[in-house]
Each structure stands twice: as C-alpha cells, then as structure tokens.
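Respectively, the protein sequence lines represent chains A and B.
Numbering-wise (the numbering used here), the first sequence opens with residue 1 and increments by one.
Numbering-wise (the numbering used here), the second sequence opens with residue 1001 and increments by one.
Since the hints were derived computationally from the structure, they do not count as laboratory data.
Glycine included, C-beta positions come from ideal geometry on N, C-alpha and C.
Misleading hints may appear alongside valid ones.
[To be verified] Cross-link-like lysine to any residue pairs, in silico, SDA-like; alpha carbons within 25 Å at most:
#: 1; chain 1: B; residue 1: K1063; chain 2: A; residue 2: Q48
#: 2; chain 1: B; residue 1: K1050; chain 2: A; residue 2: P27
#: 3; chain 1: B; residue 1: K1050; chain 2: A; residue 2: E14
[To be verified] Derived list of chain B stretches under chain A, where covered just means 3 residues or more per stretch with a C-beta under 8 Å from a C-beta of chain A:
#: 4; region: 1008-1020
#: 5; region: 1023-1031
#: 6; region: 1035-1041
#: 7; region: 1048-1055
#: 8; region: 1058-1066
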Amino acid sequence: MDEKDIIAACLKDEPGASQRLVEAYGPLVLAVAVNILGNREDAEDVFQETFLRVFRNLARYDPGRSFKTWLLAITYRRALDMIRRKGRFSRFVVRAGAAAQAAPAARPEPVAADPPPLPSHLLSRLSPKERTALCLWANEGYAAADIAEVLRCSAATARVHLFNARRKIKLLLEKAHGVLQNS
Amino acid sequence: MASCRIVDLLYAAVPLRPFRDLLIRTHVEKCARCQARLASRSEAEALFVKPADLGTTEELGRKFALRAGKERPGAAAKSAPFPRRWEWAAGAAALLLTAAASFWLLRGLGPEGRGPGFVEPADRFEINHISVGGAPAQAYVYRPQDSDMIIVWAEKSPG
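Using the sequences plus the hints, can you model the full thing?
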C-alpha cells in the first residue's frame, strides 16, 4: 500500500488505516524529533503531538505536495514548541534557584541494558533551525527548497542555515580531532 | 584563494540572508576550497540518529492510539481564529479595560450612586426674597464644595 492509498484510507476512516500511517512514518518522525531535541523523552511527546495534529488536519493536506515534507514540517513546529516550553521552564527553575533534584520522578526510570541512541553532543552548538536543516540534508538528502518547506522559510534562508551548520560542525570536528590527537 | 577570503569577509560583514545566499550560490557551491571547509554529508550523517537506530515504534503507536481514541482523520479541526493563549490575553485585556472605565466613570459618585452636585434635602438652602433699600436686590448664593458654609452676596439693582 503506497502513501496515497494510506492517506485515502485514513480520510475514509477505514479500520487500521491510521495505525498503518503511524507504522509507516513513525520511525522517521521519532528520529527527526530526537535529532532536533537531543533526547528521547521529549521526542516521544513530539511524536504523539505530531500525529495528533496530522490526523486532525489530514483533510487539509494538499496531495500536490510531498506528504513526507508536510509531516516533517509539523514535526519541526512541534519540536520548536517543545524547545520554547522547556526553555521557559528551565529559566524559571534557574531563577527560582531550584536544586537539581526536584520532585521525584512520576515513574521510575527503567534500567536499560543498551542506552537509547542519541545524536552527537556537537549538535547542541547549532540552533534548532541549523540542526534541522543539517539533519534533513544529511539523513534525507533534502535540497534547500525542500528544507525551506519544512522550516517554512525561503530557499535562500534555508541555504544559509545549512551553510552555517556545515561550517560550524566542520570547525567543531576539527577541534575535537585536534584535541584527540594532542591527548 | 583571495576570492575565498573576500567571500568570507563579505559573508561576515553583511548579515543579510539574500546576500549571503548569493555568495553561497555564486562562489561557495562551486569552489572546492570552500567546500573542503564545510562538513561533508558523511561527516554530518555520523552525528545524527537514523530511523533504523531507534528500533520499533510499536509501543509509541499503541500509546498514540490510546490517546487519540476515536480521532477522526477526516474531520476538520475546530480551528479557533487565535491560539488559546491569545484568547486568554484578550479576555484579560477586556476585563482590565472594563475595570478602568468603570473606575473612571464611577469615581465621582458618593454613597447610593449620587453625583457630586447632589444635595440632601435637609441641606438645601432657600432664600425667597432679598431686598436692599426697599427694592429687590440682585442676589448671588455661593456654596463651596464639601463645606457647610453658604455665602450670600446681595447688591442693589441698578436703575
């Protein structure tokens, strides 16, 4: 079943159609969210919010556009919202002088044999837009025009974000390599 | 090499995205030296997590199905004209305006909603007739606000 068939089935509210859509695109959405946010917990929240929004707005989806790009644009917006929410909360915590051990966790952290894969810490030196542009270029092979659709900016702006990201990462890699060589 | 330096200088000096895009398209993308100073696709790829690395999202899909419930994909969203936080802000602003307007309008009223010009019947001052030299006089009555004093000025009518 290809993408158009799945979407048509979802719009007709056929049983199991929405599950097929989530199975088909879930890993992609989760991977992009993890790469933007840097942690799996927030990425899973973004995963849920993205698909909720996708199903609410599926009737408005323009079949002339790439569904994957449309989906990733929603993922990116949800991830940005998460960053803003967390940023406000982090600033509040710092101002209030809260200790690192706040309220006990609602659920105990499971002891995992293999820690979940996370993106490189070097990516934290990039802005969310630069990180997204670089992720889409590297992982999905997106060109500037496609990145612009996801970031909802012009192709020129997307190209500049990508250039800045590639340049910063190159410098960071060279610095890290230099540190390794010296040690 | 000199052109690369010039491009670097211009890129740093002019923080306009369309201009920077022009520099990228006309020089950086075509210059091997400049390309060597950027992370390659394979270098960038190594930094990111791929969908295959994350395993199955079945569990997440189940959680989503529980959360979505009977979410109908075809239904149009109840799209509010503004996001919820703007509704709250607009409501709070309207309340503040109403409070300010009420305060401004009602600040002059005394007890029982009466204006400053209102005088209790018991405090009313009446003069029926003033005459000076056997002839009706011109009389002026003045009562300062918030005072029990009443000043009456009478003068002989001309003519």
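Evaluation of the provided hints:
1. The straight-line distance between the Cα atoms of B:K1063 and A:Q48 is roughly 8 Å, inside the 25 Å bound, and the hint therefore holds.
2. Taking the CA atoms of B:K1050 and A:P27, the gap is about 8 Å. The hint holds against a cut of 25 Å.
3. Between B:K1050 and A:E14 the CA atoms are separated by roughly 30 Å; this puts the pair beyond 25 Å, and the hint is violated.
4. With 3 residues carrying a beta carbon less than 8 Å from a beta carbon of chain A, the region 1008-1020 of chain B meets the three-residue requirement, and the given coverage holds.
5. Here the region 1023-1031 of chain B counts 3 residues with a CB under 8 Å from a CB of chain A, which clears the bar of 3, and the coverage holds.
6. With 4 residues carrying a beta carbon less than 8 Å from a beta carbon of chain A, the region 1035-1041 of chain B meets the three-residue requirement, and the given coverage holds.
7. Residues of the region 1048-1055 of chain B with a Cβ under 8 Å from some Cβ of chain A number 7, which satisfies the need for three, so the listed coverage holds.
8. Residues of the region 1058-1066 of chain B lying with their CB closer than 8 Å to a CB of chain A number 6, which satisfies the three-residue condition for coverage.
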